[in-house]
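Participant: Taken in sequence, the protein lines are chains A and B. Using numbering that gives the first Met the number 0, read the first sequence as starting at 0 and increasing by one per residue. Using numbering that gives the first Met the number 0, read the second sequence as starting at 0 and increasing by one per residue.
Do not rely on the hints blindly, as some may be mistaken.
[What the hints assert, rightly or not] Pairs of lysine-lysine, BS3-like flavour, derived with a Cα cap of 30 Å:
#, chain 1, residue 1, chain 2, residue 2
1, A, Lys157, B, Lys84
2, B, Lys84, A, Lys128
3, A, Lys141, B, Lys84
[What the hints assert, rightly or not] Covered stretches of chain B (in silico footprint by chain A; criterion: 3 or more residues with CB under 8 Å from a CB of chain A, positions within the stretch not fixed):
#, region
4, 74–83
5, 165–171
Simulated from the structure, these hints should not be mistaken for laboratory data. Everything numeric in this text was worked out from a predicted model, so none of it was measured. We put the beta carbon where it would ideally sit given N, CA and C, even for glycine.
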Amino acid sequence: MNRRQLIATALCASAFAVPLAAQAQHALDEIVAKKQITIAIPTDFPPYGMVGIDMKPQGLDVDMARLIADKLGVKLELVPVSSANRIPYLQTRKADLVISTLGKNPEREKVIDFTAAYSPFFQAVFAPKSVALKGVGDLAGKTVAVTRGAIEDMELTKLAPPNADIKRFEDNNATVAAFVSGQVQAIATGASVAGNMMMRNPQLGAEYKFLLKDSPNFIGVAKGEDKLRTKVNEIIAAAKTAGDLDKLAVKWLGRPAGQLPN
Amino acid sequence: MVALDFTAVLQQWPLLLRGAALTLALTAVSTLLGVGLGVACAWARHAGPLGLRSAVALYVEFIRNTPFIVQLFFIFFGLPSLGVKLTPEIASVLAMVLNLGAYAAEIARGGLEATPRGQVEAARSLALSERQVFFRVVLPPALARVWPALVSQIVIVMLGSAVCGQIAAQELSYTANLIQSRNFRSFESFIVVAGIYLALSVLVRDVLRRLGVRWLFGGAGHRGR
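The following block holds chain B by itself, in its conformation from the complex (with noise of 0.2 Å):
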């Protein structure tokens, strides 16, 4: 039987307090970004100029088909040769950003491209602009169509942010390993980091799914079915 320890771990409360914290500021400003970021690729290629919809189709392609270290190995340790050098605080939102963004944009595209087409065409013929048509008759019921998805690939991006310690910035599964390698108590500190990881998770899915009630179910006239 293995003699398990958690009082080593536990004792670094603060830094896995600290470790926490980063992760989940890490997801929600990248959720704020990425969700943005992929209704907008999802318009450009439901409705965009055609150049922009091909642009728009290669970001997609490139990023679902290449595995998230990469790109993160990209921003941080390959951008540098052209000049750019972040943080590992900005080069991890900034990948979590583009990774989120190309599956919302595909998630949200769904969303759009089930809207019923008289749905459309009676906005338009009560005289409403195409901003208004898309932002206020066709977007908020796409999305809630595709919230459960979106928020499950929000939820797969911030366990994703485990990998953003590999270039240091000092979030949960980076403090983890520092605390594993101070005190070679690796399966506890595992066990409790995977602890939170599941209490962050389950969190974020609640919070989510509440504000999508709020903003998506109850003010567009649209329930769901």
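Bound conformation, chain A alone (with noise of 0.2 Å):
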């Protein structure tokens, strides 16, 4: 019997043995001695995590990633995952780790555990350089497209200027359509749409112009996961020190990652 059968008949003999919380703790010891660590992205959420053109996963939570695994010196297997099933593959340990634009909820943090933030995830106004919008008084007078019905449309029907001309369209691909063809002077919508956006249409100059709503990213980990939970909140607070956070924010989204909560 190798070591690797060694520990995977301990794990799953300790897995009937002792009571669930006390049973964890085994992650990051597990990481450091195969020297791999598992990680869920998303493919389908651009700019976070899509595949590109080699084929490839890319996009900010990939380079979080990546991070990691070269903070915790061990290789990096990723696991594509979508929004229904990154939960459950932390629950059933098919990953160590899920960074997956989670957002952090209650209902979420009954089941597994959080680490501090790594990203940001927003809604915000975007227009060209040239147009000048410090906050959202300035849209007084200007156009601007948003998805009807979506969270940037309530803030945005809240907060705007009366005189502020607000058109909205059925859905995603109609407001950037009306934004990349000129016919507004702004949009309002997700951090993903718009980096995706800016991306595919660098010609437009647009940038980020001012915050509507803030609700950043977490990293999940398996529930009583606190030793993996510690030293990669180590490893997030040293790359925010270091600017990390914030380059991969300005690479993927536009802006820095700013205030990022613990």
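Can you join these two chains into the complex? Each is in its own frame, and there are hints to help.
Facilitator: Here's what the structure looks like:
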């Protein structure tokens, strides 16, 4: 019986022998022992995670996964997940970490743990450099496209001055098309839609103008894996201090990460 | 049984009223310009020079064989890449005029071609100019003949303007979508708006019919059969 089998057997045995919370705490040791970490990432959610023309995953979440593997000094294995199955992947230990634009809410906190936030997710207003927009008040007399009924529509409707010309479109595609074709001066949308749009249309010179609503992303850790969680938190804190998180956000989202909650 | 809550929709009446007003305005402008365009095209196809005739035929075929929403998207999302930027309202009017123009051209041409030859010859023998022959002798009875078809086409175009909400023209169906995305009363919103559309259609049809009787059937020396 080699060492890996031994560990696996021991794991199985302990799973039956001790209560769930006590059984945890192995993930970090196991990662170090195997010299490999398995991280779940999205591939359908640009710019956080998508498949590049080389058929390899890329995006902010993918870069973040690489950063964590580097700092741990282990090999990285990426597992593509969808919004629906990313938490089950963690619960069934198919992944050590989930870095997949995961927002924190009380329902999720019951089944998994969260590290500190690593990237911003937000609804914001974007416009070309030539359009002066410092805050929501500057929308007065300007045309801004938004997808009807989306969070950003609610926020914009609440905050925008009455003479802002809000053009509401059926879906993200029409909203983006209206902005890209120059029919509106600004666009209010989610970070992922805007990132994707700016990446594909560099000629627009569009940039982040101001925030409508913040809902940052956290890394998911299996319940009770405090050792792994603490270690990842250390890495996030160091990356934050070193400016790596800001660099990632600028690269993929077009603005710094800003204040991220722990 | 679904619990219906119409008050949630009806208390948005200022929005609904504005939407209905824009729908009517779009229809009024498109009708004036579209019927004019249609008559001009009908004349071109009926009696115009050969080059113009085939150009008009191409336009009519193109419009009648492509969906209205595609024409609208082409004008609103496509033309800006050629440097033509239109507001949603102007783009809507343009799409509706082009659309109505093509259908009205075919309807009006039917009326023109049903004009008895003798009528034109009689007018010419009275030394009327070609322009007088067309506008005084041929066109009024031709339009009178096809007026009911033309009126239904106008109503169809008005109902078709519902898709103009897709490019953020704040017409009636846009209003319905806006209201139902705010209060999630989609069933009630669309029932109310369907009722308003029905009323508008009846109104438009009635007004146009009366106008037809007044201007076409009454004056031009032609009594409908």
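Participant: Quick one: which hint numbers does this structure break? Sort them smallest to largest.
Facilitator: Hint check: nothing fails, all pass.
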